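*Asks:* All chains, full assembly: derive it from the sequences and hints.
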Amino acid sequence: MGRKLDPTRKEKRGPGRKARKQRGAEVELARFLPPEPETGKKKLSSHGRKRAAKRRLAAGGGPAGRRPLGGGGGRDPTGQTARGRPGFSDGNSKWLAPAKAKKTQPKGNHVELSSDGEVEEGSWEMEEEEEEQGSSDEMVDDYGASSSEEEELLPIEKAALKQKSDREGLSEDDSEEEEEEEEEEAEEASKQKMGQKEEEGPDLQINLDIDEHFKLPTSEEIEKEDILFISEPPDLHVIHQRIQGNVEVLQDFAGRREEGRSRQEYLALLRRDMAAYYSYSDFLLAKLMDIFPLPELINFLEANEVPRPVTIRTNTLKTRRRDLAQALINRGVNLDPLGKWSKTGLVIYDSTVPIGATPEYLAGHYMLQGASSLLPVMALAPQENERILDMCCAPGGKTSYIAQLMKNTGMILANDSSAERLRSVVGNLHRLGVTNAVVSNCDGRQFPKVLGGFDRVLLDAPCSGTGIISKDPAVKTNKDEQDILRCAHLQKELILSAIDSVNAASETGGYIVYCTCSITVEENEWVVDYALKKRNVRLVPTGLDFGKEGFTRFKDRRFHPSLKSARRFYPHTHNMDGFFIAKLKKFSNAIPQARKDEEPAPSAVPDTVTEPPPKKKKLEASKADKEQKLPQPALKKKRSLQAQRRPLKA
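Position 549 of the sequence shown, counting from 1, maps to 555 under the numbering used here, and the rest follow consecutively.
Rather than coming from a laboratory, the hints here were simulated on the basis of the structure.
Quick caveat, the model's predicted, so the values are computed rather than measured.
Don't take each hint at face value.
[Unchecked claim] Calculated pairs, DSS-like style, for lysine-lysine (alpha carbon to alpha carbon, straight line, at most 27 Å):
1) K60 - K170
2) K561 - K498
3) K554 - K346
4) K455 - K498
5) K561 - K539
6) K60 - K168
7) K570 - K554
8) K413 - K591
9) K570 - K540
10) K540 - K554
11) K477 - K498
12) K349 - K591
13) K164 - K60
14) K554 - K591
15) K164 - K56
16) K482 - K230
17) K554 - K349
18) K591 - K570
19) K591 - K540
20) K498 - K554
21) K554 - K482
22) K324 - K346
23) K168 - K56
24) K570 - K346
25) K539 - K455
26) K413 - K346
27) K539 - K554
[Unchecked claim] Pair ranges (Cβ atoms, derived):
28) A387 - E254: 41 to 51 Å
29) D356 - E390: 30 to 40 Å
30) P567 - M295: 18 to 28 Å
31) S285 - N542: 37 to 47 Å
32) E229 - A363: 47 to 57 Å
33) A387 - D506: 16 to 26 Å
34) W347 - A369: 20 to 30 Å
35) A363 - Q247: 43 to 53 Å
By construction, the Cβ of each residue, glycine as well, lies at the ideal position given by its N, Cα and C atoms.
*Replies:* Dropping the structure here:
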C-alpha cells in the first residue's frame, strides 16, 4: 500500500535526534567527518575532530590501537559484541554497553553513517535487538562509564576526563596541530589585550593625574571666567569636577593643599562654584556651610534639586487605610505605606488619575499632606476631650489631623492671621468631616488676651522656608540676613504668646509644640533657648524615634543642654522636607521677672529713636504750655530779657 520507496531519490537521515527532525542533516554531517588520508585535502577543525571522535566512540569501534574501558567494546550478556563477533563474557557487561538512542525508526528504513561517510543500514535494528536482549535501566554515557561514577566525581574532574578521552581518540598529528592552534589563539588574544592596555593607558594616567592634583585657579583665571559668564553660560561639567576636587582637598587639607594657599581660599572658591552650579545666593550658602559638613552639604544641595515623594494622610473619621489603599489601587494608583512610624500615611509613586480629584478625595477620605507635616501632631499627642489651640493653622492639614486623633471630641481653635488662607481651612474641615473645630482670624501675638487656658498648643511658626527649597526654589536667592532676623523676632513673640495661652495646671496637658519648616539655627534653637529663659518651661522628648538631635552649640553661641531632645529632619537623610520640632512642658503659670544680665523681651516694632526720661518730658510740656498762654508782646519781652541775662551768667 502507498507509494513505493525509490532508494535512489531517498534523502539520507542521520542517527541523532536532531538529524531525524531535519532532513538532509547527513549531508552537513559528512562535511565534518574525518576525511580519508589523502594529501592535498583540507584538514578538519578541532571542533569537527572532537565530534568525529565522539561518533566513533558511540559506534563502539573506538580508535585504532586503543582498548576501551573494561577490556572490550559494548558486548551483550551472551559474550557477543554488537557486530556479532565472538568475545569473552563479563558480569559487568551491562554497564559497558554504549548509550542507545531514545527514538527508533521502523524496520527496513534504517540509515547510519559510518566513519567513512557511507550509509549503513540496519544499525537501528541492531539497537532494538540489544534492547530486547536486556539492557540495564542505568544511563550510560558515550565513553562507556555509568552515571553513578560521574556522580561521585566533581564537575572539574568530569570535564578533565572528557577532554582526555577526546584527545586520546585523535591521532598524534591531530593533537599536535590542535595544540598549535590553541597556542596561536592564546597569543592573538594576549596581543589584543596588550594593544587595548597600551591604547587606554595614557588616558587613564591623565585622569589619575587630574584626580590626584587639584590646583586652585589664579585670580586672572577667575576674572576671565567672570567675564565669560556674562556673555556665555558657565560650563557646569567643569564646575562640578572642580567642586568634587575641592571637597577632596578640604577633607585632607594637610596632605593635599598647595603650598602657600590657605583654607579660606579653597572655601571661597567652593562657595563661588556651588553658587554658580546650584544657583544659590552667597548669603544662604554661607549659612548652610556653617550648619553642614562639606560632604553632607553636597548631599543636601543635591536633594533639594529632586522633588519629595507625594504623600497622603488617611482620614480615619471616614475610612480605614487598608480600604482606602485598595480603592486607590483599583483606580490605577501605585502606592505603599509611608513607614512604620505612621499608621495613616501612604506614599504614592505614580497614578493614572489625578490624586487631588478622585471620588475618595472629594468624599474626604484622605488629605494631601507632606510626611514632615505629620510629625508635629504626633509630637503634640492630643487626647480626647481636650482644649487645643492651633495658632497658625492654614491650610488645615494639622488641624484636621488633631481632630482625627481626638475623634471629633473636645474643642480645637483653629487660628490664622490671614483671612484669605482661612478659606482653604474652612473648605478642608468641611470636606474631611471635622465637627469640633472653631475658626478664628486673630493675631497670634495678642492671643493670651483674647482666649487662654488651653491644654495644648501647636505653633507652626512662619519662617524663611529654607527646608522646602524643593517646593519653592525662589528661596535660593530671595532671602537675606534681614529676612532671617525678622522671622526670628516674630517667632520669639509667638512662642511667648503660645506659652502664656497654656494652662500649666491642666491634668492631661500643659504642652507646647514649636515647629518650623526652616533649618537655620536663628529660627529654631535660638528661639527655643530664648523661651527657656523667659518662661517657666522645660524641654521634653518629642516621642519621635528618628530624626537628628538639635544643636547645643553653634559657632560662638551656647544653648541649653536639653535642646538635644529637639529633632531636626533633612531631605537628604529622611527624604522629607526640612523640619524642626521641639516640645515644651509648662510647669508654672507665673512669669519670671527679667534679670539685668538677660536680653530684654522683644517688642512688636524695634526701637529706632531713644526717648527722654518721663520727668524731662513733663518739664518740657509745662514750659510749652506756659509759653502758649502768654500774649505775643509779653512773650517777646521775656525772651529779650533771657537773652540779656545769658552773657552775665557766662
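*Asks:* Hints first: check each against the structure and report whether it holds.
*Replies:* These are the hints, each one checked on the structure:
{"no.": "1", "hint": "K60 - K170", "result": "holds, 12 Å"}
{"no.": "2", "hint": "K561 - K498", "result": "holds, 21 Å"}
{"no.": "3", "hint": "K554 - K346", "result": "holds, 18 Å"}
{"no.": "4", "hint": "K455 - K498", "result": "holds, 17 Å"}
{"no.": "5", "hint": "K561 - K539", "result": "holds, 20 Å"}
{"no.": "6", "hint": "K60 - K168", "result": "holds, 10 Å"}
{"no.": "7", "hint": "K570 - K554", "result": "holds, 9 Å"}
{"no.": "8", "hint": "K413 - K591", "result": "holds, 24 Å"}
{"no.": "9", "hint": "K570 - K540", "result": "holds, 19 Å"}
{"no.": "10", "hint": "K540 - K554", "result": "holds, 26 Å"}
{"no.": "11", "hint": "K477 - K498", "result": "holds, 26 Å"}
{"no.": "12", "hint": "K349 - K591", "result": "holds, 26 Å"}
{"no.": "13", "hint": "K164 - K60", "result": "holds, 15 Å"}
{"no.": "14", "hint": "K554 - K591", "result": "holds, 21 Å"}
{"no.": "15", "hint": "K164 - K56", "result": "holds, 16 Å"}
{"no.": "16", "hint": "K482 - K230", "result": "holds, 26 Å"}
{"no.": "17", "hint": "K554 - K349", "result": "holds, 22 Å"}
{"no.": "18", "hint": "K591 - K570", "result": "holds, 15 Å"}
{"no.": "19", "hint": "K591 - K540", "result": "holds, 14 Å"}
{"no.": "20", "hint": "K498 - K554", "result": "holds, 23 Å"}
{"no.": "21", "hint": "K554 - K482", "result": "holds, 24 Å"}
{"no.": "22", "hint": "K324 - K346", "result": "holds, 22 Å"}
{"no.": "23", "hint": "K168 - K56", "result": "holds, 10 Å"}
{"no.": "24", "hint": "K570 - K346", "result": "holds, 24 Å"}
{"no.": "25", "hint": "K539 - K455", "result": "holds, 22 Å"}
{"no.": "26", "hint": "K413 - K346", "result": "holds, 22 Å"}
{"no.": "27", "hint": "K539 - K554", "result": "holds, 24 Å"}
{"no.": "28", "hint": "A387 - E254: 41 to 51 Å", "result": "holds, 46 Å"}
{"no.": "29", "hint": "D356 - E390: 30 to 40 Å", "result": "holds, 38 Å"}
{"no.": "30", "hint": "P567 - M295: 18 to 28 Å", "result": "holds, 25 Å"}
{"no.": "31", "hint": "S285 - N542: 37 to 47 Å", "result": "holds, 46 Å"}
{"no.": "32", "hint": "E229 - A363: 47 to 57 Å", "result": "holds, 54 Å"}
{"no.": "33", "hint": "A387 - D506: 16 to 26 Å", "result": "holds, 21 Å"}
{"no.": "34", "hint": "W347 - A369: 20 to 30 Å", "result": "holds, 27 Å"}
{"no.": "35", "hint": "A363 - Q247: 43 to 53 Å", "result": "holds, 45 Å"}
Taken one by one, the earlier hints all hold for this structure without exception.
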